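Number of protein chains: 2
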Amino acid sequence: MIIAFENYLRLQTDLNGADIRRIGALAVPRKLRRNEFLLREGEVCRHKVFIVSGLLRTFGLTPDGSEHILQFSPENTWTLDAESYDRQIPSHYSISAVEPGEVLLWTKADFDGLLEEIPQLKSFAGQLISRNIYSGRQRLLTALSATPEKKYEDFIKNSPELLSRLPLRMIAAYLGISLKTLNRVRQAQLLRS
Amino acid sequence: MIIAFENYLRLQTDLNGADIRRIGALAVPRKLRRNEFLLREGEVCRHKVFIVSGLLRTFGLTPDGSEHILQFSPENTWTLDAESYDRQIPSHYSISAVEPGEVLLWTKADFDGLLEEIPQLKSFAGQLISRNIYSGRQRLLTALSATPEKKYEDFIKNSPELLSRLPLRMIAAYLGISLKTLNRVRQAQLLRS
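Same order as they appear, the protein sequences are chains A and B.
In short: position in the first sequence from 1, add 211, done, that's the working numbering.
In short: position in the second sequence from 1, add 211, done, that's the working numbering.
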């Protein structure tokens, strides 16, 4: 599991071998069953998480109990609730496994230490945060502006590899449309193609 | 104008007087007329912007020409298009003045220099970015999940001071609802109260 992570760092960064091993050495591996929670709303997010295999989702619940998905995190990506992690306060969101998978966890103390000691890791972390901001802005614009048809088209275009891995109700909860609307959109698309 | 900015830094950070003056010395003041653009879609965002007075909006246009507002920036806040600024590529968004106002601008080269030289400025900038991420997440959840009534209520709760400063069509463009729906929601609210 650590080897997959080290390969990822080798491909994505210019970190040297010694630093990569230092980062890997502090990781705690964990297996996740389908639907297992990594973080529950109200808990403090204590770890930075790298997904080696599987697929996680980050979601919030509205008072009526309906689920809204902020983010899907497939293999070779990172996840956490930033506000809860940075400030060590209870999270408004939950993170759970859509598929069985394997993740690596770093405690905040360990990861903060690594960021201090390894400037290239810090600049790589900064890049990841920036990309998250850019895509978050785009996602907000889509959420504000797009029709259900356009939202679904964008999703297929941006995340084709996720389409077959997700139940439709989760795609609907990610797009901010009802399952009924999603079914209508898909039906119309099938008829057109 | 610089004095108002220096007071802001004194209140918000633990920067010392010499550093505050260094930051202020590189700022270029600019006055904005109502509806004047600071950045147009397709241009590169070349400056970090601090709003001394007035109110700016950041918005994107969809292919049908309708406007969707990502962010309002009142006095004592910062604005820019992060992706365009960081990577010096054309922006997908525009920034323009809702009210006449005064802003301070730093070129990327100047501000990057300040960030290098003044560690407390860097950590303050990091805090601002983090807060932006937290509130962006909350805003996305609202956009995905809330009814028009709830969106409007949240807006009144979170930004009461903006309500009287904005035309209704901009509030609708920020909430991702039509002007007609916003009018209906407001009408129902007036009848209830």
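Do not take every clue at face value.
[What the hints assert, rightly or not] To give an idea of the interface, some chain A residues facing chain B are shown, with a C-beta separation under 10 Å as derived from the structure:
1. THR269
2. GLU278
3. ARG342
4. GLN349
5. MET381
6. TYR385
Simulated from the structure, these hints should not be mistaken for laboratory data.
Small disclaimer: the values here were computed from a predicted structure and weren't measured.
In this text, a Cβ means the ideal position worked out from N, Cα and C, and glycines have one as well.
When the structure is checked against the list of hints, which entries are broken? Sort them ascending.
Result: hint 5 breaks, nothing else.
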